[in-house]
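These protein sequence lines are chains A and B, in that order. If you read the first sequence in the working numbering, its first letter stands for residue 1, the second for the next number, and so on. If you read the second sequence in the working numbering, its first letter stands for residue 1001, the second for the next number, and so on.
No lab work stands behind these hints: they were computed from the structure.
No more than 30 Å apart at the CA atoms, straight line, and that leaves these computed lysine-lysine pairs for DSSO-like:
#	chain 1	residue 1	chain 2	residue 2
1	A	Lys-196	A	Lys-135
2	B	Lys-1068	A	Lys-8
3	A	Lys-163	B	Lys-1043
4	A	Lys-62	A	Lys-94
5	B	Lys-1046	A	Lys-167
Label-pair ranges, simulated between beta-carbon atoms:
#	chain 1	residue 1	chain 2	residue 2	range
6	B	Ala-1055	A	Ala-14	24 to 30 Å
7	A	Cys-171	B	Ala-1037	26 to 32 Å
8	B	Glu-1077	A	Leu-5	20 to 26 Å
Calculated from the model, a selection of chain A residues having no Cβ within reach of chain B, i.e. all distances over 12 Å:
#	residue
9	Arg-4
10	Ala-10
11	Ala-14
12	Glu-73
13	Ser-200
Cβ atoms here follow ideal geometry from the backbone N, Cα and C, with glycine treated the same way.
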Amino acid sequence: MARRLDLKTAEDQALVRVAQRGNMPAFEELISRHRDKLYARAFSMLRNEEEALDVSQEAWVKGWQRLKQFQGEAGFATWMTRIVINLCLDHLRKKKRQQTESLEELDEEWGGAERRMPFLVVNPTEGLERIELRKRIDRALVQLSEAHRQVLVLYEFEEMDYKQIAKVTHCSIGTVMSRLFYARRRLAALLMSLKKERDSE
Amino acid sequence: MNIELELKIQAWLDNELSANEAAEVATLVATNTEAQALAAELKSLKAFVHANEPALTVPESREFYWSKIERAIAQSEKVAPQSESAGLSPIFAWARSWLAPVAGLAAMVAVLIVIPPRSSEPEYSETDTPSEGGGVIHFKDPASGMTVIWFYDQAGNPIQNPDSIDNVEKPE
Chain A
1 MARRLDLKTA EDQALVRVAQ RGNMPAFEEL ISRHRDKLYA RAFSMLRNEE EALDVSQEAW
61 VKGWQRLKQF QGEAGFATWM TRIVINLCLD HLRKKKRQQT ESLEELDEEW GGAERRMPFL
121 VVNPTEGLER IELRKRIDRA LVQLSEAHRQ VLVLYEFEEM DYKQIAKVTH CSIGTVMSRL
181 FYARRRLAAL LMSLKKERDS E
Chain B
1001 MNIELELKIQ AWLDNELSAN EAAEVATLVA TNTEAQALAA ELKSLKAFVH ANEPALTVPE
1061 SREFYWSKIE RAIAQSEKVA PQSESAGLSP IFAWARSWLA PVAGLAAMVA VLIVIPPRSS
1121 EPEYSETDTP SEGGGVIHFK DPASGMTVIW FYDQAGNPIQ NPDSIDNVEK PE
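Please work from the sequences and hints to get the whole structure.
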């Protein structure tokens, strides 16, 4: 008689194998393990709770539909985050078609105020607890333009290289490089101003 | 420092340069204070951003979140039944995508060969047999199994009772 899989303790790979045969409880267990990560990644990209929820759920549905194609070259969570990233990018592209890019964004892309900022000599995160640091990064990310945030999230959190980012965002490597540069410089400035605020409190 | 150099320093820190270019940038950073300052800023920023993605939790209970996914899966499976190519092996799906149009084309060719094209000439026959006192028009359509015979007089008017005239040739 086949040994019954303990869903709570089974490894992802074993759950994936069972789910690939149509076992929904195994898939639900995978969701419960990775749903926060997927939601966080969607939120980092979209900065909207409702949209992040919708897109992350859509990603799980797509994940189920394509589960048989998952060969296990990468981890299951990595595979799923790529699905959510693609859905976020599609979502942003659809939204963008309905809006025109602001002048501020264009100025940033082509070397606006950030280029002229002096380089930081003080570490703006010095002496911060991890929770506080994360909050501060989160607050700073909100203030980045969508294009800059997108590239920064893909590089730093999704660990894609320039070429991969260029491919998924449909832009040139040069654009990726400049967007990433201004995103980082702006983020450094934002973190510095948050540090000043905290120090003056 | 120009923007190209600034982007090169960034690419150097991101390990995106070739060995030669990386060596050039390393020399620049070691000798140029401005390049050094930029490299230091980017390096520290990279380090703390990379390790500190904002940690968030789904603002819904496990059951509620799952119930929505489960419903969406059930709906999508209703729309796309198992028999569709999404559920088939990639080779079979590929073969099917080629076989379907080829089979369709073959069927069309077979129909053209087996059923000869219809002639543009009408298939019915119509013969006019004139005689002194009038004539007879004989119309026959084998497709519908219809035969019609008209009798007409000398002036070409239809004759209701052909037995009333003697000089008109009657068909057998």
